Each structure stands twice: as C-alpha cells, then as structure tokens.
Amino acid sequence: MTTASVATAPAPRRRLVDRLPVVRQVRQSVGLQRGMLVAGLVMVGVFLLTAALAPLLAPYGYAQRRDDAGSFGTQQPPSPEHLLGTTVGGYDVLSRVIWGTQTAVLVIVLAVLLSIFIGVALGLYAGYFGGWLDRVLVVVADAIYAFPSLLLAIVMSIVISGGQSSLLGGVLAAAISIMVVFIPQYFRVIRAETVRIKSEAYVESAKVLGASNRRIVFKHVLRNATRTLPLIITLNSSEAILTLAALGFLGFGIEPTAAAEWGYDLFKAQSDVTSGIWWTALFPGLAIVFTVLGITLVGESLNDLADPRLRGRRRVAQAAGEVAETSVVPGGTLVAGPGGLGGLEDGETFDEHGIEVKR
Amino acid sequence: MSTVVDIRNLGVSFSTDAGAVKAVDDVSLSVERGEVVAIVGESGSGKTVTAKTILGLLPETATTNGAVVLSNRAGTAEHDVVTLSGAQLRAIRGTDVAMVFQEPSTALNPVYTVGWQIMEGLRAHGKVSKAEARSKAIEILGKVGIPEPEERVDHFPHQFSGGQKQRIVIAMALVLEPGLIVADEPTTALDVTVQAEILDLLRRVRDEFGTAIVLITHNMGVVADLADRVVVMYQGRVVEEASARELFAAPQDDYTKRLLAAVPYVGHGVAKAAERAAARPEGWATGTPVVEARGLEIEYPGRLGRAGFRAVDGVDLAIRPGEVLGLVGESGSGKTTIGRAIAGLTKVTGGSLKVLGHEMNGIRERQFRPSRSRIGFVFQDPASSFNPLLTIAECVAEPLVIHERAVDARDARPRVNELLEAVQLPAAYGDRYPHELSGGQRQRASLARAIALEPELLIADEPTSALDVSVQARVLELFAELQREFGFASLFISHDLAVVDLLADRIAVLYRGRLVEEGTGAEVLGSPKDPYTQRLLASLPVPDPVAQAERRAELHRLDEVAR
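If you read the sequences in order, they're chains A and B.
Numbered per my numbering, the first sequence spans residues 1 to 359.
Numbered per my numbering, the second sequence spans residues 1 to 563.
Read the hints as simulated data drawn from the structure, not as lab findings.
Among the hints, erroneous ones may be present.
Only some residues are given here: those of chain B computed to face chain A with a beta carbon under 10 Å [unchecked claim]:
{"no.": "1", "residue": "ASP381"}
{"no.": "2", "residue": "ALA383"}
{"no.": "3", "residue": "PRO388"}
Quick caveat: nothing in here was measured; it's all calculated off a predicted structure.
For glycine and all other residues, C-beta sits at the position ideal for the given N, C-alpha and C.
This is chain A alone, in the form it adopts within the complex:
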C-alpha cells in the first residue's frame, strides 16, 4: 500500500567535527551570537594558554623581588625592566598577573571537579528514587541558596588555614566554599532533568522490559540528563574565579610567596590608587575582568545556542529549499488524550522547567 512512509534516503552520518561539543556550536551560530562565542573562546584560549606557558611567558617568578641587578624596588612605574611596574611588596606586576592564571585554573578545576560528581550523583538519586531523602536534599539545597557564598568562603578559609594560607590552603578554601554552593546547582539541574526523564516513555519502556534500576539510571537517565552541564560549568568557573579574587581582596587569600593571586594584589593595591599608583591595581583587575568575561561569553552563547528559540539563523532566500520528503513529527498527537498520567500522579511541582543557574 503506502510506500511513501518507507522510502527515505539514508541520512548521512554527521561528521566528527559537527558532533564535538563547542565546535558544533561555533559552526551552527551566525552573526552576533557567533561573534560573542568566538570572542569568548579566544579569551578563554588566551587564558588557558597563558596558564600553561606561564614559566616561559613570565619574565620573573611570582615571589621574586630581586634579580642579579639587585632589588626590584617597590611601587616602580612601568619601565623596560618591569613592563607593568612593581607592587608595594616589590614584586613584578606582569609576572604576578601571568602566574595568577595558574592559580585561577587550579581553583576552577578543583571547584568543578569537587562539586560535579557529588551534585550529579545526589541529583540522580533524589530525582529517580524520590522519597524522604529527596525532600531533605531539596530543603538543604534551598537553604544553601539562601546563604551568601562569600561568607561561607571566609568561614572555610578560616577553618582550613586560619585565614592566611599557603597555595593549597587558599585554593582549597576557595574551591570548597564554591563547591558547597555549586553542589546544589548541579543537584537541582540534574534532579529536575531526572524527574522529567523519569516519566519519558523510553524509561518506562526499559522498566517494562525488566531493566534494573542501576541500568535505567546510568544507561537511560544519566546520559540524557547531562546536556545542560557544559553551560553550568562555564558559569560556575567564572564564579569560582570571582570568589577567589574576593577572598584575596578581603585579606583571606594566598600568601604572595606561595602563589600569585589577583585578588591579593588588588587588596595590597588599595592604598596605591589614591596616591596615583595606578599600575598595581589596574592589571590584576583587568586580568579578572578579561577571564570572567571570556568564560561568561562562552557560557551565555552556549545557552542561547542550546535553545532553538534564541538561536539566530540566516534568513533564507525566497521560496528556497526542498520540500520535506515525509512527515517525521506526527501532527495529530493526542496531547490531552490518554496516558495523561502527569495530571493524576503526585507530580513534582517546582523547578521542573529549565534550569536556574544564578544564585
């Protein structure tokens, strides 16, 4: 009888380039969105490259105050020896800015690694199994949302290292405080996705087939729940940097001898600004702005591109294109028809729609 439904040309497999996460978005974006994404990617690339090549790029060490020619001197204006001048402590500003990228990368990696696994695991468990643990976790997550993360970071830094600290202590203080705030974000996003996916027909179909909970959670739910993670990771990364900088600025940062840290340099440059010494504050500040802006641009662009309604497209020429061969999406879906158990079951009412990635 109907042959129309059978005959479709085999769809070409997408090339590898088109399936890589960020590359795919760059290729599908147009206009301003592409500009934002590429600008963000370039900034992040510069940031990462600087961190990797810091030993080669930086003219001096981060804790270096003197070289063969003698002491650097404090608060020296920019000169051929010290391109961006020196700080009140007698360090080279350019070197500290460059070495600071390494500390920032370390904080990002630690904070995201520490929070993502715990957050995703808790979210999967709470979303899929529900029950009292789910309720308790949701309440705890809400409570943490209400808690200012900076205050938490200060407490953490005092607990871990008594305020002033080494590289690891300072970075850990920032990372752990950020982790405590980030876990609820991953938790809620994954939980909301899990609750949604749990009622999808393919999960029910796996249940009917007799699949174990373990198999369902890992094979069917987890893999489908992770699509928003890249976005949250980028936004959290910029937040991690800001928290570290804020800690340093408030005087809970890392000792200059242990690591270079932009926030600490800003803190020390406070009094310089009023006396016309602009170079000690400007460049660490610019480094923070540059990094955070780059990461945020990437995150925002990914967010826009992930949503078909926000995604920009090139306009097509009049009456261009081919008429689609066969119907793919069924038109007469019975939305209000049977199977409408959603309305009957004790469904979840909150945060099922989309994600909330701000604090």
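With chain A held as given, fit chain B onto it using these hints.
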C-alpha cells in the same frame, strides 16, 4: 464579490539548522463567503503553514512569496497579508480573520476570567465601554452554547470542561464577527462525543453567522462531517481540490485515493474476527486466561487532605491466550491505567488482577521482574519511547541484553536484524538514531522491541494515535500480521472504535473507570446495548459525507431520547 480570502502562488520557506526547508510550494486556493473549506494532508504537508499565513502568524524564520488577499466581512476592503506591517496585521486579526486553536486548555490564559479574555479582543479593536463589552461577551457565550452565560462570564478557564473551553475559544474568535475563521485541528484534542458537539457548533457558526471557515485537519471523518469543499495537500503542494461529496465519491489524484483507502471504517474487522474465532481449537474458551481482572480498582493518591482519584472502579475482564482484546474509552476513562497496571507500572489498589499467574495486587517488583520477559509493551508516542542517544539496534537489543539472551548490543545484532525484518524495516536502519526515522518507522521499531522476547502478552497503548492515517493503516496491518505469526495475546488500547474494530476479537468499552459493555466486535458495534456505547458509536464521524449526514441525524435522535 464574495471571496473572503484568495491565496495566489503562495510559497513559504523556513531557515532551519539543516538549511532552507520549503514548507509550501506554489499553493493557490480561495475561500468563498459562508463556506467551509477543509485543508487535509499528512503532517508536514504544509496545511498548517498555509493557514497560518492567512493570519500572518508565521515565525521570523519564514520567508514568504506570493499573495494572500484577504477581504473584510463587508467586502469593502482588501489587504495582501504577506506585505502588511505588524500594526496593520493587528488591525485585521480578529476583525477580518480569527483563529481557533487545537488545544483549548493552552489557548486560554488561566489567570484571567473567560469574560476578560473575550473582552480583550473587543477593546483592542476600538473604543468600547466596559459594560458594553461585557454584555457582548455574555451574548456571544450564550450563542456558542455555554449555559448561564451571565454567571459563567466571570469564571476562570479551569472551571470549564475541555469541550466548553473550545466553545469559549470559538466565542473569542467570533466576537468581532470576522468574515473568516481559521480552525487548526479544532477537535483533535477532544473526545469523540465532544468532537461531535463542537462540529455542530462550527456548522452553526457557518449557517447563522455566515462566517467562512478554513478547517485544517487530518481526520477524514471530520472533513466529511463539516466541509463543503476539500483541498488535499501533499508535500507542500495542492494535489486535489473538489467539493466534499465529489472527493469522497470519486477521488482523482492517486494520493487522495491512497489517503481515503487508509481510513479505517467501523465494521471492517468483524468478518476477520469471526474467522479467527472459528479457527480456535475447542476448549480454548475455558483455558486459563493470560490476564484476569476481578473487581479491579486503581486509585491515584490525592494530595494532602484530599481524596484520591479512582481511575478504575470495579472492572472485570479476561484476555485468553492468543486473543486480542480491544479496550475503548475516552480520555480519563481509565483505559491506559488498566494497561499500565497489567504491565506493573501502576499499583493495583483493590480487587484482583492476575497477570501470567501473578497476583498484581501487592506484588513486589522483584517477584514480577522475571515475568517481564513474557510481556511486551508498545507506547503511544513513538517520538519519546526510544532513548535518543541509542541507535535503533541498541534499543531493540535492550530486552535481549536485559534478559541475558545476549551479552551486549553487538552480540544481539543478528537477532535484531531478524526482528527489524519482521517489522519490515531494512536492517541498515538499526544503525540510525531514533530521530532519523519517521513516526511510522519508529512505531514499527517499537513493535520489534516489544516482540523481541516472543512475549505471550503484548500491551499496545494507543500505538497509532500519534500517526498519520496512511501510516496508521500500515502499522495496524503489521500488527495483525505479527499477531497471526507469533500468536501473542494482546490488550489493544485505543480511543478510536474503527481502529479497535480492525484488530480486536473482543471489544470492551470503558466509561469513567467502569466497564459498560463487552463482547465481540459484531455485538458491541453491531447492536450496542449501553447508551454510552450507542452515543460513542454515533459520534464517530465516518469518512463519507452522505453516510455521515445520516449518522448525525441518528446522534441528534439519541440526544433527544436522552433528554
């Protein structure tokens, strides 16, 4: 002149991620005053896009050429909708042309009263005092058949039933007395009995208000019931245009012929069922049933402090080996719940339900899991019943891997290829992802997965309601073939009597959680005893304008009797 809208050489293209896609290609059609023109076609045929162009409702990604000349009710002014600006479009929407949407529950804003929403249109088009607008809203509500309009005008959408909501949406469209109403699948989301009422209302709109209606639908029964003229669209083009009577009596185009042949009629399956019944061995009727329900009750827990909702209330039924039981009912009748309970997805709260020898009332998942290999399940929506990240072969291999008939998906591949062949899909389709298949193909793959373990019982929950008519016919045929070949017992759930009739040995009719009638197809459809079944049967529009006119008279007679 009496043409309300004249579409000339319309072409619409969309820019998508995959490049330009042409949705409508060189379409010309016109609608006369007081005429119902139905645009029919499969999904993706461009019928909705064509209709939305009339209101200038296309999204930004669309590029249009050609002309859509719309005249106002009096015929004094003409506009080419394609070239109008946003402000000019707003001026003609509502006054010259209005729209009735598919889903009444989402077309109404839940936080405003229905009266407010009707008045909003009035106030947007000219200075009307509040009292005047209100009296007009009340008047129009009365005209579309809402009882006690003076009081109900202040009610919120959730206080109305689905059918009443659709009446209100129609009232909103009518209130400015436009010359043309575009109705996009106005009855698809409604039950058959409610659909009949809405179709009556639309007919009255045409006769009493003299409004022309562009009706978009894929349901040929609805077309036969309401349309004066039919435009058949396929792949963005108009393939045939004729009066409704002519089209159904003597279709010209090949596609139209195929489309009409694919529509199931009530009464076609009775002979087949009788044949199957005659071929059964003796003593079959007294054998142990695969599924046996006695006084089955299923209740969904209510929210704190509220009583639960009883979805199934004292149902007795049995499915014997190799038998297809068709379960029919409207939405909310509990038919899906029964199917889910048999599959162990929903808890049984009272009575007894025996599935493959297990008592489901109070059973634990662990005890039931081994028996799951003996049950297959086909879901309603083929779009969501496959994990989008797994290939079709991996999805079909799932049951084999879970029940340890194969180590992994690759090991199961030879068997998967056999299964795909059994459902008439090329083995190469196994390497595709679900979104690369059409709805009908996906539903066939879904059947392949359900029969992978050669189950004794197959539960099919509305397997074809999300499919186009032509595709539906193919899937139903395949289902019947597989059933013959594998001989599984089956619970076939559907809201469409004609579909159930094609396949079922026996038919059970559910109404509000109770079983009102059960018997062979000949008994239930030939001489229904229960008044609800009679109404259900009479409400079902048949794809034949002449016969449908008679059925309509029969339905009105039934309604008279009920009163």
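Evaluation of the provided hints:
1. This hint holds: ASP381(B) has a C-beta 6 Å from the nearest C-beta of chain A, less than the 10 Å allowed.
2. A hinted interface residue such as ALA383(B) counts as satisfied when its beta carbon comes closer than 10 Å to some beta carbon of chain A; here the least separation is about 7 Å, so the hint holds.
3. Nearest Cβ of chain A to the Cβ of PRO388(B): about 7 Å, under the 10 Å cut. The hint holds.
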